[in-house]
Each structure stands twice: as C-alpha cells, then as structure tokens.
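Given the sequences, and given the hints that come with them, work out the whole structure.
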Amino acid sequence: MKYSFITPRKKTALTQELKLVLGFFSMTIFMLIATYLFLVFKEYQFTKNKADIVQKRYELKIAIEDMKQQIGYINNEVALSKEIYNHNSLLKESITNLFDLIPSRITLSEAKLLENGLILYGITPSKDTYNFMLHAPLRSIFHKTYTSFYPAKNGWYRFVSTNYVETVEVKEEEVTEDED
Amino acid sequence: MKINIPRQTIFLLGLSTFLLLFVFIFSFGVLIPKGKEYRIQNTEQKKEKKDLRAYQAFNDEKIANINLLRENNKVIISAFDNEFNPIKFKKEYKEYFSRLDISEQITVTAKDEFEIYEVNTTSEINSPKSFYNFLESINKSAWIIKIDFPINFKRYNENITSSFTMKVHKIKKKSKTTEITKVKNELFED
Numbered sequence: 032m033k034y035s036f037i038t039p040r041k042k043t044a045l046t047q048e049l050k051l052v053l054g055f056f057s058m059t060i061f062m063l064i065a066t067y068l069f070l071v072f073k074e075y076q077f078t079k080n081k082a083d084i085v086q087k088r089y090e091l092k093i094a095i096e097d098m099k100q101q102i103g104y105i106n107n108e109v110a111l112s113k114e115i116y117n118h119n120s121l122l123k124e125s126i127t128n129l130f131d132l133i134p135s136r137i138t139l140s141e142a143k144l145l146e147n148g149l150i151l152y153g154i155t156p157s158k159d160t161y162n163f164m165l166h167a168p169l170r171s172i173f174h175k176t177y178t179s180f181y182p183a184k185n186g187w188y189r190f191v192s193t194n195y196v197e198t199v200e201v202k203e204e205e206v207t208e209d210e211d
Numbered sequence: 017m018k019i020n021i022p023r024q025t026i027f028l029l030g031l032s033t034f035l036l037l038f039v040f041i042f043s044f045g046v047l048i049p050k051g052k053e054y055r056i057q058n059t060e061q062k063k064e065k066k067d068l069r070a071y072q073a074f075n076d077e078k079i080a081n082i083n084l085l086r087e088n089n090k091v092i093i094s095a096f097d098n099e100f101n102p103i104k105f106k107k108e109y110k111e112y113f114s115r116l117d118i119s120e121q122i123t124v125t126a127k128d129e130f131e132i133y134e135v136n137t138t139s140e141i142n143s144p145k146s147f148y149n150f151l152e153s154i155n156k157s158a159w160i161i162k163i164d165f166p167i168n169f170k171r172y173n174e175n176i177t178s179s180f181t182m183k184v185h186k187i188k189k190k191s192k193t194t195e196i197t198k199v200k201n202e203l204f205e206d
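Protein sequence lines correspond, in order, to chains H and A. Under my numbering, the first sequence has 91 at position 60, and the numbering climbs by one with no breaks. Under my numbering, the second sequence has 131 at position 115, and the numbering climbs by one with no breaks.
Just so you know, the hints here were simulated from the structure itself, not pulled from any lab data. Any given hint might turn out to be false.
Derived lysine-lysine pairs resembling DSS-like cross-links, with alpha carbons at most 30 angstroms apart [claimed, not checked]: (1) A:Lys156 to H:Lys123; (2) A:Lys52 to H:Lys81; (3) H:Lys79 to A:Lys65; (4) H:Lys92 to A:Lys188; (5) A:Lys162 to H:Lys175; (6) H:Lys99 to A:Lys66; (7) A:Lys50 to H:Lys87; (8) A:Lys162 to A:Lys104; (9) H:Lys175 to A:Lys183; (10) A:Lys106 to H:Lys113; (11) A:Lys162 to H:Lys99; (12) A:Lys162 to H:Lys143.
Next comes the structure, spelled out in structure tokens:
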C-alpha cells in the first residue's frame, strides 16, 4: 500500500553539496600538488644542470689554462727562434765584415772567432803594412788589441793578432803588446 | 531560540574547514617557500649559464688565437719539435761544404722549457762565401740551430777548414704535461 504519490529518492552520503565541496577541493589540491611536483622536478633539474655547468666550467677552465700555456710556449718558441735567427744573421754579417777587413796584401792563415774576441794568424809584407791596413780598423772595433810579429824566411812577418772587447782580462804574458 | 542545524551540514562545514586549512597550510608552509627557492635557483642558474657562455666565448677566442698563432708559426713549431738528425743534416747541407763532419750530440742543457744539444762540426769549404750561404740557409732549416762560438777558420792547401759549434734547440715534451697537471692541481685546490 502506497502512502505517497511520489517515489522516495534514494538516500546517499554523497549529497549534491558534498560533491560540490569535494569537487572544488580535489581540483584545488590536485593543482597544488601538481605545482609542488613541478617545483620538485625543477629543483632536481636545477641541481643536475648546476652539476653540468660546474663540470663544463671546470673543463673550460682547464682548456683555457692549457691554451694559455700553449700560447706562452709558442710565443717563447717564436721569440727564441727570432733571437737565434738574428744571431745567425749577425754572425754572417760579422764574418763577412771580418774577411772584407783583410787587405789583399795581407794573407790570413787562421782566424779564431771567440765570443768576446778575435784571434788572427797571418803573414804581412811589413809591420807598417799591417799597422796601417789592418791594425787601425781592428783597434776601432776592439777595445784591446795585441799583436806579435815573427820574421818569416822570405823577409815577411808572421803575425798573431789578439783582439778583445773590454770586459775580458787578457794575460799580458801570453801576448806581446804591439810597438806603436 | 534554538538553532537547528542538520548533522549533514555540520559534517560539510567541518570537512570544508579541514580541507581549507590543509590548502592554506600546504600553500603557505610548503608551496610558497618552494616557489621562492625556485625563483632564487632560477636566477642563480641564469647567472651561471651567462657565466658559462662568457667562458665558452673566451675559450672560443683562445682557440681562434692559438690556431692563428700555430698557423703563422708552423715552421718554427715543427722545427722545435724535430729531433736533430745528423745524417739528414749532412745530406741537406753538403752542398755548402767540401767535407762536413758532425760529432755526436755531446751536451744537453736545459733553458726554461727548451733542451739544447751541442753538436761540434768540422768542415772544409772552398771559400768564405760558402760559409755565408750556409749561415743564410741555416735559418730555414728543419731544426732551430744557433751557430755558436768559437768558430775557427784555417787555411789548408787551397781550402779552408772550419770548425764551429751548433746549438740545436728543442722543446721539452715533459714540461708541457707537468704544467697542465700543475694547473689541474691548482683548480682542485680552489
């Protein structure tokens, strides 16, 4: 027997209001947690990137230091090679000048080029020829010039000319000073 | 007056309050500090990336510099790397001498990052001009050679015997790696 004209609605714990509240908060909490997870992921990414950056910076620093060293080496090599090339060129000029200095009347038998001096052995027709034609230019180049003469069989003179720049001490007993 | 609130409404209000509190506590206690941290880290990382780009640019510039330097001085660099070879030397320079004898590399001295070998040479030349030509061509040789004193010239029949010292300069290989290790150690200490 019916006591009502309408069919009774089923009673449930999830009422419309509760559904609305749960829906609203679940969306809110979902968004909050999603944001939180995003931030956690980003933090992890930052940490990883930071390690990568530190590693790359370290490698670059090593590479830059290495290159600086290499540039230094190359610059040193270039400087040293230029110094050596200049030395060789100057040496060539010096030897050229030395041989140009010898007059045709004087014949050299030996020449010793030292770091700070020059020793010449040769033969000259007379002491005067030597003094005027070779001794004078040698004196203008070197600070100390000593010459020893020995008579040769044909009447000419053999000579030993020792020439030094001023920094060198020459033992006087080894050479006889030229008689001017 | 008695207010009659249904139990369902009280439950709903309690639940809403609890969830609202959770949202607030989570937002202010966790999310906002995390966000601030994110912002700081993001700024830091941008700065670090900028620094890294500057380093990279500097590195690229150095690479360009070193390549240009190597290109401009490749003959000198290879000459410093070359091991002195007396046979090859004699073959290359025999045209300037009637006779050329080279002693063994006798002395090894070290000057900074360079090794210096001393080679004594005795030779016979027809005229001083040959020696001038030799001195000119030595600067274009495959080695870095310094012709050093004492240089002796002695008349011998129609020829001139000459003796001189050659100092062959060579780069030390070890010093490069030692320097790099030193730099690495310094960086590790930092």
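Verification of the supplied hints:
Distance hint between A:Lys156 and H:Lys123 is fulfilled; the C-alpha atoms sit about 14 angstroms from each other, no more than 30 angstroms. For the proposed pair A:Lys52 and H:Lys81, the alpha carbon gap of about 18 angstroms is at most 30 angstroms, so the pair holds. Distance hint between H:Lys79 and A:Lys65 is fulfilled; the C-alpha atoms sit about 13 angstroms from each other, no more than 30 angstroms. Proposed proximity of H:Lys92 and A:Lys188 is supported: the alpha carbons are some 24 angstroms apart, at most 30 angstroms.
With a C-alpha separation of about 27 angstroms, the suggested pair A:Lys162 and H:Lys175 falls inside the 30 angstroms cut-off, and the hint holds. Only pairs whose Cα atoms come within 30 angstroms are accepted, and H:Lys99 paired with A:Lys66 is accepted, the gap being roughly 22 angstroms. Distance restraint check for A:Lys50 and H:Lys87: the Cα-Cα separation of roughly 27 angstroms lies within the 30 angstroms cut-off, and the hinted pair is therefore satisfied. For the proposed pair A:Lys162 and A:Lys104, the alpha carbon gap of about 17 angstroms is at most 30 angstroms, so the pair holds.
A hinted pair counts as satisfied when its Cα atoms are at most 30 angstroms apart, and H:Lys175 with A:Lys183 qualifies at roughly 29 angstroms. For the given pair, A:Lys106 sits about 24 angstroms from H:Lys113 by alpha-carbon distance, which is consistent with the 30 angstroms threshold. For the hint pairing A:Lys162 with H:Lys99, the CA-to-CA distance comes to about 27 angstroms; that is within 30 angstroms, so the pair holds. Of the supplied pair hints, the one linking A:Lys162 and H:Lys143 holds, its CA atoms being roughly 18 angstroms apart against a limit of 30 angstroms.
Hint compliance for this structure: no hint is broken.
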